[in-house]
Amino acid sequence: MQLVNLAKRGAVVQIIVMRSLPKTCAVTAPLLLLLSLGCQASGDGAHPGSSSGGSGGGTGGTPSLGGGVTLPPGTEAAALLPARIRRLADAEYQASVTALVPDGAPGISDDFIPDSRQSGFTLNEAQRVDPVFAGQLAAAATTLAAAARKKLPPSAACANPTTDADACADKFIRTFGAQAYRRPLGDDEVAQLMTVFHTAYQGGSYDEGVELVVRAMLQSAAFLYLTEIGDAQAATIKLTPYELASSISYLIQGRPPSELLTQWAVDGKLDTPEGRLAATTDATLNLFSVDEQKWNAQTRAVTVVTEWLGTDKISDIAKDSNIYPDFADAKDSLGKETTAFLAEVVNQDGGGSLAQLLAGGWSMVNSQIAKAYGVSAPGADADKFVRVELPGRLGILNQGAFLSVFAHAHETAPVLRGVAVMRRVACSEVGDPVGLKTAVVPPAPDPSKTTRERFAVHGAGTGCAGCHANIDSFGFAFEGFDGMGAVRPGGLDNNKPVDSSVVIAGTDFDGAYADSNALVKGMSNSLQVRECFARHVYRALAATSAPELKPSEDDFVKYWSTTLVADSSGKLDAKIVDTLTAFITNPSFAYRRAQ
Amino acid sequence: MSRQSSSRRAFLRAMGAGFAALPFSRLLENSVAQAAGEALPLKFITIYHPHGLSAEYWSMKAGDTETAFDIGYENCSLKPFDDAATYGKSFKDKILVLEGVDLLSNANGHDTAGTILTGSRIEGGQKPQNISLDQYLAVTKGLGSGTRVTSLALGVGNDGTAPGLTLSYGEGGVPLPKIIDPTKAFDLLFDGVVVGNDPAQLAAAERKRKLSQSVIDYAKWDVNRLRKKLSAPEQQKLDQHLTSLAELEKQLGGGPAGGAVCMVPPRPDATKFPNLKQYNGGEPYFDAITDAHIDVLAQALACDLTRFATLHLNDLSYDNNPLGLPKDNHGSVAHTYNASPIGNNGHPGDGIPDSWVPLAKFNRYAYSKVARLMQKLDALGVLDSTLIYVTSDMGNPALHSTHNVPTLLAGGANGKFRMGRRLKLKADCPPTAIWCGENDATFTPVPNSKLLVSIAQAFGAEIDTFGTQPDPKLTTGALSELV
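In order, the protein sequence lines correspond to chains A and B. The first sequence begins at 830 in the numbering used here and counts up one residue at a time. The second sequence begins at 209 in the numbering used here and counts up one residue at a time.
Hints are computed from structural coordinates only; laboratory data are not their basis. Even for Gly, the Cβ is constructed at its ideal location relative to N, Cα and C. Treat the hints with caution; some may be incorrect.
Stated by the list, open to error - With beta-carbon atoms standing in for the labels, derived distance ranges:
1) A:Pro931 x B:Pro680: 37 to 45 Å
2) A:Ser1390 x B:Asp648: 45 to 53 Å
3) A:Gly1295 x B:Ala276: 52 to 60 Å
4) A:Gly1295 x B:Asp648: 50 to 58 Å
5) B:Gly532 x A:Lys1379: 51 to 59 Å
6) B:Gln334 x A:Ser1205: 29 to 37 Å
Unchecked claim - Covered stretches of chain A (in silico footprint by chain B; criterion: 3 or more residues with CB under 8 Å from a CB of chain B, positions within the stretch not fixed):
7) 903–916
8) 935–948
9) 1012–1026
10) 1042–1056
11) 1147–1158
12) 1402–1410
To be verified - Pairs of lysine to any residue residues, derived as SDA-like cross-links and limited to a Cα-Cα distance of at most 25 Å, are as follows:
13) B:Lys437 x A:Ser1034
14) B:Lys535 x A:Asp1155
15) A:Lys1213 x B:Tyr487
16) B:Lys437 x A:Arg913
17) B:Lys335 x A:Ala1147
18) A:Lys1000 x B:Asp425
19) B:Lys416 x A:Ser1034
20) B:Lys416 x A:Ala976
21) B:Lys416 x A:Gly1033
22) B:Lys335 x A:Leu1378
23) B:Lys437 x A:Val1019
24) A:Lys1379 x B:Ala440
25) A:Lys1379 x B:Gln443
26) B:Lys485 x A:Pro1154
27) A:Lys1142 x B:Gln443
28) A:Lys1278 x B:Asn283
Whole structure, please, built from the sequences with the hints as guidance.
Set out below in structure tokens:
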């Protein structure tokens, strides 16, 4: 897939290797040898082969910080993301503790407070450790450490704890710590953790000491935050190998890096775009493997898309049961339909296309969805989703999950649907009533009118028309479906025929559309929509939507557009998984600027 | 608040300065103060209940006066406050009912809970723009610093942090998450608290505390290690973490707890609520969760483990709920409410009387929980030193109106407010312009900011404005009627 594209890009991908790694430290077995004597890195990501103090290629850094690394040709410092940290999201925490304490952690983050969201995405800069979350982390760490003590990791084995407790603890701290912190520990860190060990060991036992060390590690900043800060502050920096491995692994697979991926990083194989691309296709690294925990590139892609389109919010909504009596029973299936459909799309050759996602004439349905949609689905039952053709319901936006989330409890919501499609799918500017100092007055119920007729007051010569003419057009196109996504019986709303024909303006797919199916077909060919998708993938993986970082987003979009391949008919289309991997093969991926 | 009473001072002198530094010295200190008949520190509880108000069974009736009123009639939702048969005594003289308070959120009613303690507009339905009053008092003014838990946010069924689900906000309107599991609330408040002087128990508690302290010491060291490597804006991401670790550290307090009214209650029985979450099977247990929260909270106030708490209640949307209401409380109770002019901002129309009763029942259910809390606090001797602010996000829920929201102050409030009264505040619109809107000159709201200013003043905070509105008049001034 992308190997071909990269070859076409040619010169873009030259990286200057600053200097080779010093030989004082064995770099061939990072998680074992680096922990042993003679290689005492200090602090996050710091590693012996760090390259700082280059010629100062950066142009956009903080003036007080000089120096920096030489950036790849075509990469501007101003377009880099800033050096920064971010807290693991709940799902990342779960994956991380499961990797460390395999049997001790099922569902331990289920009761954590939900992730803060930015633009709908769970990976972002807003995650904090507030007092309630700190308490939850402390409780989880206590449980996990107790589980780890019951079944001590091999690294904690100590033949004679009475005489060798300190040596054993030192070894355990360095080995388990490197796994937990995704990098070797500095001597200062080891010393602090030895103090923790001794607190429990004195008056207790070796095992109690180990337990307390695990508990402390799981509440440490080194475990809870991913860093993108390199070795030292400078105008421009390069991520350390450990940061590179972590970043690739969490962004593409949603979990901590494997020992092998870390090895690749330490060997310098992830320094170049070609190297990172090779990592995505390497059979032994297997970033795309489907393991039993389902952490892999496909499931990450599904998560990114559900957060982008908001369909993951289906589990948090309820409907008025007088009006939608079937919703409560169908809700779970509606969410699963969309994820099953997405999984099927991204599992296709090349990672599935955006056009399929938006306008595929099929879906994955179980018996519950078949009933709600009024279609037959041979072979389906309550748990089994089968692929059925749905010519009247094209793509993800016409599925029940999206249509339910963007609707009110008792009726459809043309404005919510319209704004969601404009902002999330088309990246069209939409004002906000508060910013415009406009009081929001929902149209009064009126049983003699269709929903569209009631909302048409927006367009009636008021100050609202400027924005709502377009917002409502996007929303009205979906009026053939009710507030939970079922086809309105007989095409009627309040006993009057539904009008779902719209005229779209201000986009690169302007024109008249008969309904939402025609609209999504038009959108599936749109460059604007394709680029909007890439922008959202950027926000999901860069874990930021900050407007001031637009140059970085633009840099990604520019790079991503060079990776697009034509399909058999010669048409360019965006592949979903490839768009995610483009984020890490972007030459600027490995670099940051001072903030 | 900052001034110590004479018996407090004497007590602390007797115990020595080192002892006073231990959080649990407060427990004993309080019992000494209590025994001397002095006012205890003022505590502040805010309780949110969903689904607005059935005004017909709540508002003042003909013949009611400020101090003489009937809340015991059939269907009256305020009846739990005058129901000695159920709650041991009448609390009619411990409530102050306010009609006509407005939540100027400029947002959908469902997003308006965020305005209750902030007095702020909810920008774009996203979040309020300033700190909430409980956090302002507990954190900014430091009134929560002396207790084990600076402040507590509890919720029933939903741990989301959207503005409709959150009462407590940090600086800048950052939502603070809630605890929805009563056992977790219990652990936060009481874990490690030992009552009595059993040496084995004390030694075990001391070792536990020492281990936890060691973990916190390391976590703090490690956060600071990372912090040093970051630019100033990035360092801010870790500041909250350091504050949280300090809060955890405070909760480790050792030493025995004592006092006539401070007992460590049994840990809530988790088998009574096998599911906690709304939309995920938790609904049938909401009633049990609510009661457990209230019982833990009451005991925590009595032990002076915290002085600031918020409680976000939920409804009873499940089949065969104890109120006999339809399963869909939202669609079949709140949305079917069809008001008379009393519940409709004075607009004409008779409404549908049958639709008033189910919502009144739900309101009464919410108030019954407040009465339960008052009963417990009274038994523990701390009702008179507590102020409870009870309200909803809407007035008329069928209209999603955020005007004329049901507002109730309860408890003795250390005499800061004159309780045992009902007040009808200024109407939003004059009789000559009953349809006036928020942008009209005739619109004269009573924004809840004024109530928040009054409460802040009751706690000794010398402020005259609270909240964020385009017109500063809307956030300025106290409600002089309260005192």
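| query | Any hints this thing doesn't respect? Which numbers, in order? | reply | 1, 4, 6, 12, 13, 27 and 28
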